[in-house]
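Enquirer: One-letter residues, chain by chain:
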Amino acid sequence: MGGSASLIPRDLLGEYQELTFLSKQEILLAYKRFSELLPKDERENGWSARVPKSQILTLPELRANPFQHRICRVFSTSDTRDDSMSFEDFLDMLSVFSDSATSDIKSHYAFRIFDFDEDGTLDRKDLEQLVNCLTGQGEESRLSSEEMEQLIQNILEESDIDKDGTINLSEFQHVVSRSPDFASSFKIVL
Amino acid sequence: MSQPPSITLSVPEGSESDGQEPSPDNERALHTSFHQLILEQSSLIEAGLELELQERSRESPAYLAVPDARAVAWPEPGQSEEHPSYSPATLQILASMPSRTIGHSLGAIISQYCNRTARLRRQSVRPPLQQLCRTARPTLRQYDLETDPASATLEEKWRQLVKELLSLPPSQRSHVLLTMPLHLEEKRNLRRKVSGQRVTLRQHTHHWAPFSSCAWSKFCIVLGCRGLWYRLLSLLRAARPWHYALKQIGGRFGSSVLSYFLFLKTLLMLNFLSFFILLAFVVVPQAVHPPASVSPPPFTGLELLTGGGHFTHSLLYYGYYSNITLNDPCSSSPKGSVCPLAHPPLPYNLPLAYLFSIGVSFLVTCILLVYSVSRSFRESVRSSTEELAIKVFCTWDFKVIQRRSVKLQCENICTLLKELLVERRSRSHPQSCSQRLGHGLVMLLAWALALGSVSGSVLAVHFFLEHMHTVQQEQQAQDSGRWQQEAVLLVLPLVVSLLNALMPYLFNFLAMWEKQDSPVTQLYVAIIRNLILKTMVLILLCYQWLNRSVTCSTECWETCVGQDLYRFMVMDFIFTLLDTLFGELIWRLILEKKVKTKRRPEFDVARNVLELIYGQTLTWLGILYAPLLPAVQMLKLLLLFYIKKTSLMRNCQSPSKPWQASRMSTIFNTLLCFPSFLGAAAFLSYTIWTAHPSETCGPFRGLETIYESGKRWVLVLEKSNPNITWFAWVYQNLLENTSLLFFMSVALM
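One line per chain: the protein sequences are Y and L, in this order.
According to the numbering used here, the residues represented by the first sequence are 277 to 466, in order.
According to the numbering used here, the residues represented by the second sequence are 50 to 798, in order.
To be clear, the hints were calculated from the coordinates, so they are not data collected in a lab.
Keep in mind it's a predicted model, so treat the numbers as computed, not measured.
Virtual Cβ for every residue (Gly too), placed ideally from N, Cα, C.
Please note that a few of the clues may not be correct.
Unchecked claim - In silico negatives: residues of chain L with every beta carbon more than 10 Å from chain Y: (1) L227; (2) I462; (3) L466; (4) L470; (5) A680; (6) S711.
As the list claims (entries may be wrong) - SDA-like, lysine to any residue: derived pairs with alpha carbons at most 25 Å apart: (7) Y:K308 / L:V422; (8) L:K467 / Y:P336; (9) Y:K463 / L:I623; (10) Y:K463 / L:W278; (11) Y:K439 / L:I158; (12) Y:K463 / L:V422; (13) L:K456 / Y:R346; (14) Y:K329 / L:Q451; (15) Y:K300 / L:K296; (16) L:K296 / Y:P336; (17) Y:K300 / L:A294; (18) Y:K300 / L:P219; (19) Y:K463 / L:P219; (20) Y:K463 / L:E235; (21) Y:K308 / L:M561; (22) L:K456 / Y:S417; (23) L:K467 / Y:K308; (24) L:K467 / Y:G441; (25) Y:K300 / L:K212; (26) Y:K300 / L:G276; (27) L:K212 / Y:N430; (28) Y:K401 / L:F447; (29) Y:K463 / L:F447; (30) Y:K463 / L:K212; (31) Y:K300 / L:Q297; (32) Y:K463 / L:G276; (33) L:K685 / L:K212; (34) Y:K300 / L:W278; (35) L:K296 / Y:K439; (36) L:K456 / Y:M424; (37) L:K296 / Y:N430; (38) L:K467 / L:L572; (39) L:K467 / Y:T442.
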């Protein structure tokens, strides 16, 4: 890790420390893991290179996660919408999923991850896709259509405050704030 | 906690002409007007989106699959060329729809944070009450006071945000920057702009007075110290013990099994604190000045098991410690005469040190436990876990990374959701009277059986104790070999550990027969039954120990009790190992080879945590009689960590029952604090206040009670230095008044 410390300029490291919820060791570890995803010739300039999505998804922390595509889409700042991630996007992701991130930020990004059609609200289609992600891809472990209907109805009854048939960010944050387990389960540690 | 939504509304002109705005007191009217507004705007959106979709389908059918409303939500200036049919005004309205853009559009985020910083700034500078107009009341429009996002472009919004950030104090500024949900690149730009402007501002301010050399060196020292402190903190954070092991466990088994290992780590830390205090103030001074005693018998391996033999007259037990003031030059001179020495070396009153270090270690443990209980209690009280929405949004554990475990987690969530849905449906069709009666009868019978078995085991232990005493007396009369005597002493811990190991399986059978509705209740019932069993057995044993002076073979009954507790701890450890071996390894082999299923045994978290609590209670009970017992417990916990982890990885599968991590950890911390620690503290206080120490051994020999040494010290203090009578008064009233202690502990909570 000492070697990689010299590859990030010191003031940049300090800036990253100030603007994310990560500590210095976590940032250096993230840099080490990120540069391992790059091809060998690009490794010196790791903090300005972009890693394609397929490479990011080989990380063990994201490999089996059902929300991997959404996570890459939400945190990627690529202009070409190909979900490739730069080192700063990677740090963003780790910061939001870290131990010390506030519940506010976590619920903000959780909302964006669960918003599959990216329209700014969680409507019935989003909720259906979310439940399907949660219960897995196997045929036996999916809910039947009546169960899905009942589930979505119950969810909307409990969380939709303005009764417009969708859940917006404030309603989502209100629901999530009532669960003390959210912050500890919305966590990825390198 | 969620912040109140700062909604950037673009209130259309027409509503103002309708008359007065709905007063915030009239909630329903406000809600309906708000609701109407949203309905109107969302119908506008749908119309807009429909048109957009039609346009899109004309342009490129490939995009139809993913309607990209993002392009609508971001009011870039260049967008008007793409959608020539929409005026910028319409685009702006669509873009700033509250339900669509909060938390998603960049512009909305910026405006939201603009308002937030403005509110922060206003909080610090509040106008005095007299200046407020009588009719001023909070309206929805006030959210729009600083910025009017409908007309501002993105550039203007950035500038506004930078201006707001500059007006905040620096600590709040960095905190606001940190908590903004923007991309890191944008945050860096913002920070550069803010700090860049700060630099220019500084150039315009007046020059600071030149530093004097004294102030400059002080400044350098402060900076150097602070740098050193930060480096130390970062070192501490980097040296996280077991970080990778815990990540492996959490990644494969989830939060429930992880909570057991975190609990183990907490116990290790508590024991380390007690051990450190006792080591520094009691063990090391005594080790440096060993008392003149008989040479101990040679060391054989059996001492590790029985705690006797070579260990009897060693630092491990109470009996070894002397009751004199160590290093005291006047110890040889008669009482009352003046000490002739000019340079007295540091005298060290060992009995006092013994008493006080035990007291301090208990106090420190108490404070830490109460603090952790209150912290986790505060968090878990908020949860209302019957809500499906919470289950769907918050149950996915992102820490689980292994493919197999992820699949299992999916199955668990599916089962959980199906169960909850079935429960919801059955709630609308409640059970008939006869079914409920039958179920209640079964429950009553199961509880009667459980309590009956507990009392049966307690009685069995009691009669076994009596039997052991008679056997011991016979052996003493016959003067049989030393090994036989020691072996007999091991039988009681064996029987107790056997009971503690086997009874939970009986309780599991009862629970299977009972068939509770929800698995959470099942878990609570199992915990309560196990707890009752362990508590009853421990109470009986404590009573027996307090009357130990009658039955101990040697003259030093405290060492006897210490040895007993040591044996109990060792036996508990051996049985935990055996339980891991048979319950996990052999059971897995049986399942694989004989029954030929893929299912492996599950790690029963509740039972294992209760075993840890039991072991810790034994340590706390025995700390007075064997000061090195925390070290033994630490060694035990270390070995247990690695053994349990290895067995877990090889033999077990993830749990299939739902687990509310925070509530469970609260329950375990509470159980550690209340029956366990409080019971041990009560036992300790009773011993100190009333038990009669033995005449020939230990630091309190010859006194009426252990507490008397403290009283004598206070009297000596009063005599030597009359100025500190207030301290003596405080000491007397504080410690002797037990009701005061009780109120203090309640207030701590």
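Enquirer: Broken hints, numbered, in rising order?
Expert: 1, 2, 3, 4, 6, 7, 8, 9, 10, 19, 21, 23, 25, 27, 30, 32, 33, 35 and 37
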